[in-house]
Each structure stands twice: as structure tokens, then as C-alpha cells.
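As a plain string of letters, each chain reads:
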Amino acid sequence: MSALDLSTAPGNRPATIGQFPTALRFAVRNQTRNRLAAALLIGFVPAWYALMLAIVGHQQLVFRLFATGRVLAVDGGRMTLINAGLNALSMIVGFAVFDAIRKALAFDKRLVFAGYRQLTLIGAKTLSVAVVAAAVALYAAVVLLVFWRPQPAGWLSILAGYAVIALTYGAFGLLLGVLVKGDLEGFFLIIMGGLMDTFLQNPLGNPLANKPVLEWFPSFGPMQFAVGGAFAHAALWGHLALGLVWAGAFAAAGLIVFGLKTRIRNRRSVAPLWVRHTLHQAWRRG
Amino acid sequence: MRMKLDGAALCARDIHKAYRRHQVLAGVDLRVEPGQLAGVVGENGAGKSTLLRILAGTLAADRGTVDLAGSLGYCPQQPVLSDNLTVAQHLRYFAAAHRLPDVRRGEDLMVRLGFARYRDHSAGALSGGTRQKLNLTLALVHDPDVLLLDEPYQGFDWETYLQFWDLVDEMRNRGKAIVVITHLVFEQDRFDVLADLAGGRLNVRATPEPVNGGTDVRA
Numbered sequence: 002m003s004a005l006d007l008s009t010a011p012g013n014r015p016a017t018i019g020q021f022p023t024a025l026r027f028a029v030r031n032q033t034r035n036r037l038a039a040a041l042l043i044g045f046v047p048a049w050y051a052l053m054l055a056i057v058g059h060q061q062l063v064f065r066l067f068a069t070g071r072v073l074a075v076d077g078g079r080m081t082l083i084n085a086g087l088n089a090l091s092m093i094v095g096f097a098v099f100d101a102i103r104k105a106l107a108f109d110k111r112l113v114f115a116g117y118r119q120l121t122l123i124g125a126k127t128l129s130v131a132v133v134a135a136a137v138a139l140y141a142a143v144v145l146l147v148f149w150r151p152q153p154a155g156w157l158s159i160l161a162g163y164a165v166i167a168l169t170y171g172a173f174g175l176l177l178g179v180l181v182k183g184d185l186e187g188f189f190l191i192i193m194g195g196l197m198d199t200f201l202q203n204p205l206g207n208p209l210a211n212k213p214v215l216e217w218f219p220s221f222g223p224m225q226f227a228v229g230g231a232f233a234h235a236a237l238w239g240h241l242a243l244g245l246v247w248a249g250a251f252a253a254a255g256l257i258v259f260g261l262k263t264r265i266r267n268r269r270s271v272a273p274l275w276v277r278h279t280l281h282q283a284w285r286r287g
Numbered sequence: 008m009r010m011k012l013d014g015a016a017l018c019a020r021d022i023h024k025a026y027r028r029h030q031v032l033a034g035v036d037l038r039v040e041p042g043q044l045a046g047v048v049g050e051n052g053a054g055k056s057t058l059l060r061i062l063a064g065t066l067a068a069d070r071g072t073v074d075l076a077g078s079l080g081y082c083p084q085q086p087v088l089s090d091n092l093t094v095a096q097h098l099r100y101f102a103a104a105h106r107l108p109d110v111r112r113g114e115d116l117m118v119r120l121g122f123a124r125y126r127d128h129s130a131g132a133l134s135g136g137t138r139q140k141l142n143l144t145l146a147l148v149h150d151p152d153v154l155l156l157d158e159p160y161q162g163f164d165w166e167t168y169l170q171f172w173d174l175v176d177e178m179r180n181r182g183k184a185i186v187v188i189t190h191l192v193f194e195q196d197r198f199d200v201l202a203d204l205a206g207g208r209l210n211v212r213a214t215p216e217p218v219n220g221g222t223d224v225r226a
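Line by line, the protein sequences are chains A and B. Per the working numbering, the first sequence starts with residue 2, numbered consecutively. Per the working numbering, the second sequence starts with residue 8, numbered consecutively.
Everything labelled a hint here was simulated from the structure, so no lab data went into it. Source: prediction; values computed, not measured. Even glycine gets a Cβ: it sits at the ideal position worked out from N, Cα and C. Warning: the hint list may mix true and false statements.
Unchecked claim - Quick list of simulated restraints, FRET-style, between CB atoms:
#1 R20(B) / G260(A): 24 to 32 Å
#2 R30(A) / A25(B): 38 to 46 Å
#3 A40(A) / Y26(B): 24 to 32 Å
#4 Y26(B) / L128(A): 47 to 55 Å
Claimed, not checked - Output of the computed footprint for chain B on chain A, the stretches with three or more beta carbons under 8 Å from beta carbons of chain B:
#5 26-36
#6 102-109
#7 114-128
What the hints assert, rightly or not - Example chain B residues on the side facing chain A (calculated, C-beta under 10 Å, incomplete):
#8 G52
#9 T65
#10 G80
#11 Q84
#12 L88
#13 Q96
#14 A103
#15 H105
#16 D109
#17 V110
#18 V148
#19 L191
Sequences and hints are given; from them, build the entire structure.
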């Protein structure tokens with residue numbers, strides 16, 4: 002076997018394998034290989050819709066739109082469908098991303114050490130979370146149509162709310178994936194966090210219904226946007242943006258920790274990479 | 008930081024490392040020339056893997072410096088792989104990491120180490136020995152100038168074990184500097200220098216003959 006000639010002059014260097022497309026492709030693959038999450042998505046989402054609709058029926062509920070101050074009297078079953086979708090997405094996307102990120106952390110560190118640009122890896126992971134979140138949100142919004150056919154604008158509002166909650170919990174999963182060591186702690190935090198957050202937004206049998214404290218939870222913005230669009234023909238963009246702020250904050254925190262955990266540790270005491278590269282070139286020149 | 012390689016490929020000086028109060032390394036010096044093969048032996052818990060991780064740069068030392076000339080390949084003791092990716096995808100990922108134009112060398116290594124038939128298998132479905140072969144291959148895909156191997160042949164069958172040493176000999180003959188952590192007594196005559204890690208320091212066990220015109224190997 003002959004060794005590859007790595008000493009090609011920079012001007013004649015052949016095209017190299019792209020870091021970003023490679024990282025994006027494999028990050029998406031990693032996040033979509035979780036069979037439990039896939040089974041949950043396919044089976045749990047419709048079952049959850051059906052169950053929640055059966056429990057709530059079509060009783061009337063009162064829902065406050067915080068942006069306008071309007072109080073809506075809405076079909077409780079339909080509102081609960083929206084809420085159930087948000088809840089299912091929070092768990093499924095959070096779980097899938099958490100599991101993928103946590104398992105890949107040591108490998109990512111090895112990649113960075115081998116020369117992968119950290120920012121490239123981080124960018125690819127972020128985009129892969131967004132792609133997976135958007136796809137899963139679309140699926141949940143399409144399945145919703147089996148149970149309820151809102152107006153197209155209303156359905157798009159629900160889809161947008163779903164996409165934002167999926168992004169938020171994808172980012173939360175990313176943060177937990179780089180912080181938490183064990184499966185159990187991560188799953189517990191995602192399930193309990195998602196349940197508490199989304200169920201509090203539903204006025205059904207909820208002592209905190211329509212109280213200002215709800216504004217401090219991640220699903221507040223997506224729920225307000227989805228309900229506003231579906232029942233009041235209102236596009237509450239500020240609330241959708243609020244949901245994105247949660248997603249951005251979780252993602253930023255997670256990516257900072259990811260950056261810290263995958264950095265090369267020895268810059269203080271050992272030749273850093275740029276010194277090694279300089280030496281490498283000097284050595285090759287003889 | 009001052010560079011004092013003086014022609015060496017790897018030069019570590021006065022490496023100290025403690026885990027809380029437990030001092031593992033207490034002033035390790037190691038110098039390896041291009042084209043030399045160094046073995047590090049020592050009891051369990053002596054700090055061999057800690058030393059190699061510090062040499063590789065995946066663990067920070069408390070004190071001391073490590074200078075390297077050229078590119079580095081590091082094979083950790085426990086395979087660090089992505090279970091959902093296939094063998095071929097691993098090769099592509101690391102070719103991208105090292106900015107290589109293709110995966111040719113990785114493919115060659117895969118054939119040579121006898122696991123080419125698993126190229127489309129997920130790493131999570133591989134046996135322990137095949138995972139270790141992939142682990143080693145990922146450290147070699149860019150034909151590094153300095154190679155640090157932490158018991159790289161665990162789980163290898165006899166044929167692969169012999170292939171591994173052929174590969175190491177070939178790399179040494181091409182001027183690569185190689186450090187291997189080893190436990191096996193019967194393979195210790197393969198090394199140009201053998202150093203015992205004991206009491207936090209490296210002590211040379213035997214003075215080797217110069218290799219490839221190299222002047223010395225000191226530990």
C-alpha cells in the first residue's frame with residue numbers, strides 16, 4: 002500500500018471533501034436513526050390526539066390571547082388537539098435530539114481534534130436540528146387534519162407553532178445532551194419539562210389558566226400563536242418570535258457548552274494546532 | 008512557548024499530572040525521533056493512557072510542554088465511534104476532518120486490516136475487534152507524521168495482529184515517529200526504545216540501536 006502524498010503545494014491542492022455537507026448529512030442521519038423516537042412519532046402522535054380528544058370532548062373553554070387581551074370561547078377539544086400536538090412534539094424532538102447529541106459527544110470531540118472546524122460542526126448540528134424539527138412538526142400538523150380541519154390560515158398558524166415548539170425542544174435536547182451524562186436524567190427532564198410547560202398552557206382544569214405566569218414558559222408563544230391563528234384569525238408574530246427566543250437561548254447555551262466540551266484542551270502547555278501546522282510545514286520544507 | 012525539537016518528531020518535557028491529590032505523572036520526559044518506534048509499558052493505573060492523552064492533546068497537563076513536528080494521529084484505548092454511521096461513513100467523516108481529497112487511504116487500510124466486508128455496516132453492529140480496527144484506521148487515514156497508539160490491537164485476531172506490525176514497520180521505515188502503549192511481553196523486542204512508566208516517571212529499559220541514522224532516543 003502506498004501512502005498518499007500530502008505534501009501537494011497549496012496552489013495545486015486537489016478539492017477536499019467538504020466539511021459542512023458531510024457533517025450535516027451525518028448529523029441528520031444520527032438524529033433520524035433513533036427507532037424509539039420514530040415509533041413514538043408515527044404511533045404516539047395520532048394516539049395522543051385521539052386520546053386527548055376523547056377525554057375532553059367538545060366542552061367550551063375560555064382562552065386568553067395575551068397580545069390583544071381578548072378572551073376567546075373556543076371548542077375545548079380542538080384547543081386540546083393543538084396543545085396535545087405541542088406536548089407530543091416537545092417530548093419526541095427533545096428526546097431524539099438529546100439522545101443523538103449525547104451519544105455523539107465523544108465522537109465529535111475526536112472529529113474536532115482530527116481537524117474538523119468546531120464552527121462547521123456546530124453549524125451543521127444546528128441546521129440538522131432545525132431540519133428534523135421542521136419535518137416532525139409538519140408530520141404532526143398533517144396528522145392533526147385527521148381529527149380537525151381548520152381554515153388553511155389557521156392550519157398554517159398551528160404548523161408554525163408546532164415548528165417553533167419543535168425547535169425549542171430540539172434546542173433543549175441539545176443543551177441537555179451536552180450537559181447531562183445519563184439517559185434517565187435527560188429523559189426525565191424532557192418529559193417532565195415538556196408536560197408541565199405545555200399542559201399549563203391549556204385552560205382545561207388548570208388553576209393557572211390564563212394567568213400571566215404562563216408567559217414564562219417556552220410553549221407560551223407557540224400556543225398563543227397557534228390558537229390566535231386557528232380561532233381568532235390573528236397572526237401574533239411577537240408571540241411566535243418569543244418562542245424563537247426560547248429556542249435561540251437553549252441552542253446558544255447548548256452550543257457554548259458543546260464548544261467548551263469539544264475544544265482541544267492543551268493550549269496552555271502543549272503546542273496548539275496552528276503551531277503544529279507551522280512546524281509541519283517547516284519540517285516538510287526540510 | 009519555546010520550541011526545542013532539535014530534529015525530534017515528538018518532545019515532551021517535565022510533564023506533570025495529578026487527579027486531585029493523586030499524582031500520576033511527576034516529571035515525564037520523552038523524545039522520539041522521526042523513524043523511531045517507542046513502547047511505553049507499566050502496571051495498570053501507572054498513568055500510561057494519561058500520558059498518551061497529554062501527548063495527543065486531548066487532556067491538559069498540569070505542567071510541562073509537548074512539542075510535535077508534523078501531523079498527529081491518535082488511537083484511543085477505547086474505540087470512539089458513532090454507532091449510527093457505517094464504516095465507510097466514518098472514513099468519509101475523517102477524510103473531511105483532515106481535508107483529504109478522497110478516502111483512498113482509509114479504504115486501503117480497511118482492506119489491509121481485513122474488515123472491508125463491513126464497510127456498509129453500522130459501527131454499532133460491529134464486533135469488538137472490528138470496532139478496534141476501525142478505531143485504528145481513523146487514526147491513520149491522514150498518514151500522520153507522529154502516531155500515538157494506546158493498546159491498539161485489543162481484540163485483533165492473529166492475522167490482523169501481524170498485519171498491524173507490518174503496517175507499523177512500514178510507517179517507521181517511512182520516517183514516522185510512533186509511540187505505542189503495550190502490555191505484551193513477547194512483542195517488546197519490536198521497539199527501538201522501551202520505557203517503563205513507574206512512580207510517575209519514564210525510565211528507559213534498554214538502550215536501542217540507532218534507527219534510520221537517528222542519533223538517540225531518550226526517555
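*Residue count check for the stretch 26-36 of chain A against chain B: does it reach three with CB-CB under 8 Å?*
holds (count 4)
*Per-residue hint verdict: L191(B), partner chain A, C-beta under 10 Å*: 25 Å, violated
*Could you see if the CB distance from R30(A) to A25(B) stays within 38 to 46 Å?*
41 Å, holds
*asked:* Q84(B) was flagged as interface toward chain A. Is the shortest Cβ-Cβ separation under 10 Å?
replied: 13 Å, violated
*Per-residue hint verdict: L88(B), partner chain A, C-beta under 10 Å*: Interface hint status for L88(B): holds (6 Å vs cutoff 10 Å).
*Grab the minimum C-beta distance from D109(B) to chain A and call the hint holds if it beats 10 Å, violated otherwise.*
7 Å, holds
_Does the closest beta carbon of chain A sit nearer than 10 Å to the beta carbon of G52(B)?_
21 Å, violated
*asked:* Let's test the interface hint: is any C-beta of chain A closer than 10 Å to that of V110(B)?
replied: 8 Å, holds
*Residues of the stretch 102-109 of chain A with Cβ under 8 Å from chain B, three needed, outcome*: holds (count 4)
*With 47 to 55 Å as the target window, see if Y26(B) and L128(A) comply at their CB atoms.*
38 Å, violated
*How about the stretch 114-128 of chain A: do at least three of its residues have a C-beta closer than 8 Å to a C-beta of chain B?*
holds (count 4)
*Given V148(B) as an interface hint, is the shortest Cβ-Cβ distance to chain A below 10 Å?*
9 Å, holds
Comparing the model with each earlier hint shows violations of hints 3, 4, 8, 11, 19; every other hint is respected.
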